[in-house]
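Undergrad: Residue strings, one per chain:
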Amino acid sequence: MTVWLWLLAACGLAFLTKLSGYLVPRRLLGSPAVVRVSGCMTIGLLASLVTMNAVADGQALALDSRLLALGAAVVALLLRAPFLLVVVVGATAAALGRLVGLP
Amino acid sequence: MVNVRELVRTSPATRAGLSIAVATGAYGVSFGALGTASGLGVLEVCLLSLLLFSGGSQFAFIGVLAGGGSPASAAGAATLLGLRNGVYGMQVNTLLQPRGWRRLAAAQVTIDESTAIALGQTDRVEQGRGFWTAGIGVFVLWNLMTLLGALAGDALGDPRQWGLDGAAVAAFLGLLWPRLRGREPWAIATVCAVVTVLAIPLVPPGIPILVAAAVAALVGWWGRDRAAEEVAAR
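Read top to bottom, the protein sequences are chains A and B. This note's numbering numbers the first residue of the first sequence as 1 and each following residue consecutively. This note's numbering numbers the first residue of the second sequence as 1001 and each following residue consecutively.
There may be inaccurate statements among the hints.
Partial selection, computed: residues in chain B whose CB lies under 8 Å from chain A [what the hints assert, rightly or not]:
(1) Ser-1054
(2) Ala-1072
(3) Ala-1078
(4) Gly-1082
(5) Ala-1171
(6) Cys-1192
(7) Thr-1196
(8) Pro-1204
(9) Trp-1221
Ranges of calculated distance between the beta carbons of each label pair, as one might list FRET restraints [claimed, not checked]:
(10) Arg-1183/B with Trp-4/A: 48 to 54 Å
(11) Pro-1178/B with Arg-26/A: 24 to 30 Å
(12) Gly-1182/B with Trp-4/A: 50 to 56 Å
(13) Asp-1225/B with Leu-28/A: 18 to 24 Å
(14) Leu-29/A with Thr-1010/B: 26 to 32 Å
I should point out that these hints are in silico values taken from the structure, not numbers from a laboratory. Here a beta-carbon is modelled for each residue, glycine too, at the ideal position from N, C-alpha and C.
Chain B on its own, in the form it takes in the complex:
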């Protein structure tokens, strides 16, 4: 049995994972409440959180239904929004290389938060701790809060009132920050931020991240000859 208190004290990735799990998990309440308001039953809403488990895709699914769209287009929107999780899976696989049932479990908890926490660490052990703490932490809390929200409706209030959307912004910036060493990382981050802002009104939610990822990949590919020099310089 791992000493949890000791781990929390000594591992920054575990602490980061737990804090993002609390901030994100709390949003499950609004998903639960909005899900039942869109016409789905409590069981269906809870199944979306258990099985689909990707916040953006879930909100898209119930959003399309609430707007009068067909279940097929709801599934289409959810799938489109979830495409970035495929890119995340590739990234996490290069770091952790899970095998067997762990690979299936890792795939299920591959979301924005768990991927970002893993990528934010430099040490291999910390990458694993961060990924699993954030992934399982968000999974457990998100599902509990979904059930709570589905049963209680929105009597609990808007999580934005508690600044939880601000917590998400700060968390992702906190993960990006240590990587912004040198001119090229700043340039890539700036270009990708601008691309995201430009893409938001033009493409469905969730897709701007894929556009930014593609731009960053192109920058990386064009400069690949420089990679060796940079590694040597470090």
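Next comes chain A alone, as it looks inside the complex:
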């Protein structure tokens, strides 16, 4: 029973967190300083997502086949491959790494 209550509480809090971002007043969002901060945050968020997904294993750092995916994706992007191909190249590199026994 308590599991159910906390489960529903977690779901409610998750939705309110998401919604809170949409409730920031519009007039705060148009100024040049906010546009610039927002642009910098976008780059920071994406760079952090790449890093987290490449090396994080819970609270530990893990070097594994995901780094092959990162390297292969860089090569694909340098060769101006379209987005979907970059994703497929990343998956293939990681899958091949695991196939030959890398973590």
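With chain A's structure known, arrange chain B on it following the hints.
TA: Frame of chain A; chain B shown alone:
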């Protein structure tokens, strides 16, 4: 009725949204399987995917339970991990400004993938297409795969064997790449990557992204006087 095939052919954001939806949605299987293994029932596991709908938070919730933690601390960990979705909501709102029921729907599907796809586009229409395709696409597939995983256990195998975690890395890099024009974006990306690596062992999962976002925001704030010149130079 929108011609879906035509849209897929002509809209890069729709294609990007669909590909990330397939790669991420497939992970629902491992969540479903691990969820039932942590002691929750199939219904509870499926409700987490339907209502909580944020991969990291969901894995944290069942991870705490599986580790013997209390339901309260499971909810706490899930909420902490989901804080970044508030930042995402703010970002998406500046781009799409949804109103009424669309705002509620947008909030529910505001996650890493949908936000990243939207931010990866420059055109307003494409931002919307990318956000909704990725958001709804991941939502539908993630929930179907959760049910499948909860019912079938881990007989289906590890998605990592198929390189799907590598697909996620490549996808986020593919979204970041077009923004790395000039010295400052590279500097911000590098600093944020380093900050993330340093923060991973020190703070709970999901928080390093918030730390990196805060650092990037500070860089942006300090250099705000230069913003006008840069815009003029472009």
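Undergrad: Given Ala-1171/B as an interface hint, is its Cβ closer than 8 Å to any Cβ of chain A?
TA: holds (5 Å)
Undergrad: Using Cβ atoms only, decide whether Pro-1204/B comes closer than 8 Å to chain A, and label the hint accordingly.
TA: Since the shortest Cβ distance to chain A is 7 Å, the answer is holds.
Undergrad: With 8 Å as the cut and Cβ atoms as the points, is Cys-1192/B at the interface with chain A?
TA: Holds - the Cβ of Cys-1192/B comes within 8 Å of chain A, reaching about 4 Å at its closest.
Undergrad: Indicate whether the distance between the beta carbons of Leu-29/A and Thr-1010/B respects the range 26 to 32 Å.
TA: holds (30 Å)
Undergrad: Please check whether Gly-1182/B and Trp-4/A have a Cβ separation lying inside 50 to 56 Å.
TA: holds (52 Å)
Undergrad: Does the interface hint hold: is Ala-1078/B within less than 8 Å of chain A, judged Cβ to Cβ?
TA: holds (5 Å)
Undergrad: Take the shortest C-beta to C-beta distance between Trp-1221/B and chain A; is it under 8 Å?
TA: holds (6 Å)
Undergrad: Does the Cβ pair Pro-1178/B, Arg-26/A satisfy 24 to 30 Å?
TA: holds (27 Å)
Undergrad: Holds or violated: is the Cβ of Ala-1072/B closer than 8 Å to a Cβ in chain A?
TA: Since chain A brings a Cβ to about 6 Å from Ala-1072/B, closer than 8 Å, the hint holds.
Undergrad: Hint says 18 to 24 Å; check whether the CB-CB distance for Asp-1225/B and Leu-28/A agrees.
TA: Taking Cβ atoms as reference, Asp-1225/B and Leu-28/A lie about 19 Å apart, which means the hint holds.
Undergrad: Grab the minimum C-beta distance from Thr-1196/B to chain A and call the hint holds if it beats 8 Å, violated otherwise.
TA: holds (4 Å)
Undergrad: Does Gly-1082/B meet its interface restraint, that is, does its C-beta lie within less than 8 Å of any C-beta in chain A?
TA: With a closest approach of 5 Å, the Gly-1082/B hint holds.
Going through the hint list in order, the structure satisfies each hint without exception.
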